[in-house]
Structure formats: structure tokens, C-alpha cells
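Chains A and B, in that order, give the protein sequences. Here the UniProt record's numbering is used: position 150 in the first sequence is 150, and no number is missing along the way. Here the UniProt record's numbering is used: position 476 in the second sequence is 476, and no number is missing along the way.
Everything labelled a hint here was simulated from the structure, so no lab data went into it. A portion of the hints provided could be inaccurate.
Computed Cβ-Cβ distance ranges for the label pairs, DEER-style [stated by the list, open to error]:
#, chain 1, residue 1, chain 2, residue 2, range
1, A, ARG309, B, ALA368, 51 to 57 angstroms
2, B, GLU136, A, THR172, 41 to 47 angstroms
3, B, ALA463, A, ASN125, 36 to 42 angstroms
4, A, ALA302, B, SER3, 20 to 26 angstroms
5, A, ALA302, B, ARG433, 49 to 55 angstroms
6, A, PHE19, B, PRO346, 31 to 37 angstroms
7, A, ARG309, B, ALA88, 29 to 35 angstroms
8, B, ASN364, A, TYR4, 41 to 47 angstroms
9, A, ARG309, B, ARG433, 27 to 33 angstroms
10, B, GLU136, A, TYR4, 31 to 37 angstroms
Just so you know, even glycine gets a beta-carbon here, dropped at the ideal spot from N, CA and C.
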Amino acid sequence: MHRYRFVLTRPLQFLPVLFGISVITFILVRLIPGDPARVILGTRATPTAIANIRAQYGLDEPLIAQYFYFLRNLAQGQMGRSILYKIDVLRLIGTRVEPTLVLVLASVVLSVLIAVPMAALAARNQGKAADQAVRIVSTLGIGFPPFWLGLMLIIVLSVQLSLFPVSGYGNTLADKLAHIALPSLTIALSLSAVLTRSLRVSMIAMLSSDIATAARARGMPERIVFWRHVFPNSLVPTINLLAVNIGWLIGGTVVVESVFAIPGMGQLLVRAIFSRDYMVVQGVAMAFACATVLVNFLADLATVAADPRIKL
Amino acid sequence: MSSTLLSVRDLSVSVRSEAAPRLLLDRVSLDLGRGEILGLVGESGSGKSLFCRSLVRLLPSRALVIDSGTVLLEGQDLLQASEADMLAVRGGRIGMIFQNPTSHLDPVMRVGDQIAEGIRFHQGLGKAAAREAALEILAQVGFPDPKRQYLSYPHEFSGGMRQRAMIGVALSCQPDILIADEPTTALDVTIQAQILRLLTEIRDRTRLSIILITHDLGVVAQTCDRIAVMRGGRVVEENTKRALLAAPGHAYTKALIASHPSIPARLSPVTTTEAKAASPLRPLLEVDDLHVSFPSGAGLFSGQPRVFNALNGVSLRVMPGETVGIVGESGSGKSTLARAILGLNPIASGHVAFEGSNLATQRNATLAKLRTDAAMVFQDPYNALNPRMTVGETLAEVLRVQNKVQPAQIKARIDELLDLVGLDRDFATRKPRSMSGGQCQRAGIARALAVDPKLIIADECVAALDVTIQAQIVDLFRDLQRKMNLTLLFIAHDLAIVRNLCERVVVMHHGKIVEEGRSADVFAMPSHAYTAALISAIPDIDPDRPLHALPLRRADSLRGMSSLSLQPST
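Go ahead and model the full structure; you've got the sequences and the hints to work with.
Encoded structure:
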């Protein structure tokens, strides 16, 4: 299948992207005022103690040399040791991946499950009450900040109705899903709003397209016209929009995991930044970047699968 | 004609708007017999398509309403039928095919599945049985390898094969009536001939009734039994084919017949002997062994990137004051040649020289010269004009950039240009939106003339226009040519128009010039088989000069399928 040849070539393009990201994260972390040694030892530390710590983590070397070590470690599949947790950064990230992954996946699935019926309802009743209602709801969904929505959901569903746990992350699968329900709903409410609007517009355009006319002209009932012809043809723009938003979403876990106290990568990143744990910040940033690149790659795959005309 | 299958009486459709409702169809009455082909002729906006859409109650906009009338299909009034009954009528009794199969076929669904869809719905067959029936239909409409093409997507086909697929989709529901809305307008003549033959063959085999909507009287003359002429939402004339073509009653029908560019030209091409005598012997444009190629699918593992050779060693000389027509089917390299001459396509090898300066060796100097001394007129007159600018602004922009006219004289020059192309001077203040296709094309020509060019390249500039407007634009070119001693490179797929306008013609096929010579000679006695095939495929307005769908050998496999066509092997 020559259309899928890009699966082999595209990863080569990731290398320069990831290299660029490594430079940016390396520099940004070091632009934050403060010093990891001071954070660990407190304000009354002696200069020799600070110098010792700095030497231990290689922080006394020139920036160029530090970056070179960082790259060398990356090439060997290592990200150094966490200053705060005193363990290997990669292992540390490994313990935090699951909650974040579950959170993102659940949010995306929930968003799609909300967006597709909403968009279909609106598009098929364009201009009528149902359409207006969907448009108002989706505008509200975009308008409300997610952290505020999250807090409101906690107050109503967890504190008052006791339907879901307030925060944290569980041990069993059911427990984990119960804990992840509110945070992913928080994300889904705003993400699905964006998707709904995009999908609604493409569906409306497709409903009056020649494809739909031809299907009606051969006697297909509106239900078939819509789900078999209009819907698949409206997907491509929304797939790309979803990919871009998952990129944002991965960064957004920083906020959501903090609000719901989920022990994932976002929370790890926040702690690492506050304690100037350079190695961890670099590691998590690289992991987020890889995930975003991967998501976009998967979106390209989905686009090619959804539309046989597209070649990449 | 035998028993009447469909009987339409006093069908009126109007558009609801804020102002007074406007009548789009005005008491249209028509009958269609079983096995009959009825030609519906008229200009764009005459209501042909709307009439057919109204029959199955699929109006293109919600603002349109059917006011009155009856549509009797074997006694059942379709205008009174329930929506559920209409589902069975649409496709099952009355099928439809459209002008643009590319946009009407579902691009993300396999062709075979689109055909099977109708079979399963209308005949209630299971998956496997529907698949078998679909394969049969694919073979019927001329696909050489149905099993393979069942799995293809529409974009993998050529235009002709897509239209065959569209016909297959319509036939899958086994309708009694097929409405064909400009089914061949977007196709090359040779492919058009094949599709028209396919339609008549299906009619002969299955007694299908066909309503054929077209603007081309030649198509009607070749295929239909009866003709109805529509104008402004009314049927102005209706008669059997021969009677109507031999003795048109209505003035509009007469005008339509008169403007049909049939091959035995009533208008002889302009003889520019006097222009030739006055001109120097040096050619204005010289193309020498021109090659243009495009990369097609870079091979990752196959090593060499593959290239598609759009032009394969084309040589051409155009003398000042000459009118040269370039004809050929889509994909033959006509437009590539035009773009290469203007320096818009990179040249792989060979030379283009304009007034002696060479595009390959003195690129910048030649480009500067081309930009001031050559101009192009485009196919789609509407989209080639900036919708935000008035005609006057568009022309003024060119005049200012070219710097040939004093700023103070721009206004006067615009008036002059508008006079030249036959537009009222107050068109300077109008925007393309409020102009017709013909008026837009006149404005486009005025823009080309604004640079006071020595060479005009017109790329399919009448293809999108109605026949009567086509004739006007061709007359305009003839006029300008005579008045201004213009050199015109006229690219068209319509041989008849080229025959009428151009003194010399160049026939292109697969990126090569296969024949070239005086129009009269080439058309009277084509020496190349391809030219002969092209000419014989033109539907003539005389029904007694039958259409030949000569099979053409083609190199590439998919497009080649179209030439295998439906040879009457039985």
C-alpha cells in the first residue's frame, strides 16, 4: 500500500523536531530563577554544601557541556537522576504514565461520544431549536474555563451527591475509572464543544453536497444518507482538529491533575518545576513532546484511513 | 414511441424570497414514453435541471416550492405521494445521473459498494447477492475487470469511467426512467461519444426511458427521439427531433441552432493574408523541442523518482497576427504548453523564444517581456476575476502596474477597453458577482487586452459558457483579431469552435503534436488516426451524420479502460 508509505518515512522527520524540543526545554528550564541546590538545602546552606551538590549533578559545568551530557544520556536512553526523588528520571516517569494516559484516553473517548451525537442532532435540524440548543451549549463549553468547571463538578457531583470520589487515583480498575470520571468529564466538556462546532459545520456542508443529493436521488432514506455518506465525509477536518487539541490536552493535564490531585505526569511536572528538578522537567517535557508528535502521526494515519484520496 | 410512462402537466415552481415570489418553472407540460429518449435543451438558468429535480421532489433549496401541477408516473401523482412512497420512486422508478460524477460519487466509499447499496435497499437482496448483481452491472456499463473495479474508489478512475460508475449506480435500482443531467458536458468528445452510445444501448436493451438534459444540440441530435427546448422556465417548443431541427418554430430555437458550431462551418475562418503580408518573417513565438515533466510519486525504495512527461518534445512556431488553435483531450498537454510558454511551468529541456528572447537562457528578461506583451484568458471567467474588485479597478490595476498609460489617461483607456469587448461603460463600476458568465469573460478579455499584448493565450475560455454566449465570445475574438492584428493561441477541446475561429490548428495527444496544419485541411482530411477519431466523435447537429465512438488506444491502463468501451460484441 503505497499510500501508507509515510509510516516508514515520517519518523525520520521526528528527529529534527525532537532535537529542537530538547534545546528549547533545556534552555527554558535554566531560565527559571533559582537553583536546585538551594531549593534542596534551604536558605541557610553553606556555600561549600551548595557547591558539592552542584558538582554532584554536573550543574557547575558550562551550559554547553551540560547540554552535551543531556544529549548523550538521551542517546543512551537515559534522562539522568531526579534531584528531588533521588531515582532515575525514566523510572520516575514510568510510575506516573498510567494515570495521565488513562485520563487523556478517557477524555478523548468521552469527547467524541458527546460531540458526534450533538453535531448530528444540530446538523440534521439546522436552524431549529435543537440546533440552537447545541450551539448555545457548545459556546458555553468553550467559554467556561476547565479548572472552574472541574471545581463545580467536584462540588456538585462529589461533595453534594457523593457520586464520584473527590480526588486522587485508585488501585483497582473500577476504582481508577471512578476517580478519572470527573477529571475526564471536565476536559470532555470543553473539548467536545470545539469538536461539536467543527463537526456540525462540516456535516451541514456535506448535507447539501452533491454526494448527499446523489444518495437521495437513488432513494436512500435520510438516515442512511446521513450516517453512511455525510458522516464519513465530514470526519477528516475534525480528525485534525482533535489531534491539535490532544496536543493541548497533554499540556492541560498539568492543570487538571493538580485540581484533582491525580498522581500523573502533569502533577510531577509541577512539583519538578517548583523544586528546580531540572532532570525531571526535561524528562517530562520530552515525554510530552514525544506524545504530541505521536498523536499527530496517528492523526495522519487516521486521515489517510478515513479518506482514500489523501496521500501523504 | 409507445405508451406514455410519465406525464407532467402544468408544473410550476417558484422561489420564496423577501420580495415577491419569482416563478422559475411556468406551467411546464411534457410527456415521456416508455423507451423514449427526450432531450431537454436550454441555457443555464432555463429551468432544465430544476424541472427534473421537481419530478422526484428533490429541490436544490428550501426556498423553492412546487406551486401546482401534476406529475403522473403510470397514474400515480408523485406530487401527492407520501415521502415514504417517494423513497421507492427515487432510484427505484426514476434514477438520476449528473454532470459532475466526481462530486456526486461518494469519495470515501468503494465504487462497488455504492452500486450494491441501491440494490440492497430497493431489491432487498443480501450482501453476497447484491455484490454479484453489482459486478454484473459494472460489466454492463463497460468496466473491463469488474472484480477489481468493484474495490476501487472513484478518484482512481478517469472522468469517463466515473460517469460509467455513476450510470451503474443509477441502473442498480432498476429504474424505468433515467434522468441524465448534462452527463457528458465535463468529458472529452471521444469519451462523450462512448457514454452517449452506452446510454442508447442500455435504452435499446432494457426499454429504459431517458430524459437527457444538455446544452449541446449536437448531443441531442445524435441520441434523442424528441426534443423540448426550454427558456426562462417555459417549454418554448417541443417536437420530434427531425422535425424540430429541420423546421424550428420558435425564434430562440433558431438562434440555438444557428449558434451551434458544427463542423461544416457556415463561417469560414478569418483569412489573414493581408496581415501576413504586412508582418515580418520572424515568428513571434518559437517553441523548440520542449519537454516538461512533473514528478509523480517519489519512490522511497524504488530508487529513481518517477516522472510524468507532460510535454514530450513539442515544437511550434507562431507568426505575428496568426490564430492558432490547440486541440486535444484533457491530459494531452494543451494547458501545460500554454503555461510553459508564459514561464509558469519549469521547462525540463528545449527552448521557448518570445520575440527572439529565449526563456531558458535569458529567463528574467524574457519573463519581463512576456508579462508586458503576452496575456492569458482563463477558463472560468467568474473565478479568474477578483470578487472584491470592480471591473474598472481590475483594469486600472493592470494599467497602473504595466505603466504603459499615463495615470490621467487610465479612465479613458478603461472606457476604450470596455468598448472593445462590447461591454457598456458603466460595467466599470460593477463587480463579478452581479455579472453573467459571458460578461465576466468579456471583462477577462478586456483585462488581457489592457496590457496591449502582442500575444493572447486563451485557455478553454469558452468551455464554461452557454452555446449562444460561446458564439458571441468567438465572434469577439474574431473581431479583435481583425482590428488589432492580435496573435491568438486558442486552446480548446471543442474542435468545432477551433475550426471556426482558427486558421491553423495543432492537435496534441499524450504531450506530443500529432498533427498540425491549416484548419480547413486538417478537418477535411485528417492524416493522423487520432485526429480522425476526435473529429468523428463530435456530435453533429445533423442526425443523419451518425456518431462514431472509435476506440482509441491509450497507453495508461486505467484511462485505457475507457477506450475498451462497450463494443457491440453481441
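Here is how each hint holds up against the structure:
A beta carbon spacing of about 39 angstroms between A/ARG309 and B/ALA368 contradicts the range 51 to 57 angstroms that was offered as a hint. At about 57 angstroms, the CB distance of B/GLU136 to A/THR172 disagrees with the hint of 41 to 47 angstroms. Take B/ALA463 and A/ASN125: their Cβ atoms lie about 40 angstroms apart, and the range 36 to 42 angstroms holds. One distance hint, 20 to 26 angstroms for the beta-carbon pair A/ALA302 and B/SER3, is violated here, with the actual separation near 54 angstroms.
Checking the proposed 49 to 55 angstroms range against A/ALA302 and B/ARG433 shows it is violated: the Cβ atoms sit about 39 angstroms from each other. A hinted range of 31 to 37 angstroms holds for the C-beta pair A/PHE19 and B/PRO346, which are about 33 angstroms apart. At roughly 33 angstroms, the beta-carbon separation of A/ARG309 and B/ALA88 lies within the given 29 to 35 angstroms, and the hint holds. Separated by about 43 angstroms at the C-beta atoms, B/ASN364 and A/TYR4 satisfy the suggested range of 41 to 47 angstroms.
Here the CB-CB span from A/ARG309 to B/ARG433 is close to 31 angstroms, well matched to the stated 27 to 33 angstroms. Here the CB-CB span from B/GLU136 to A/TYR4 is close to 32 angstroms, well matched to the stated 31 to 37 angstroms.
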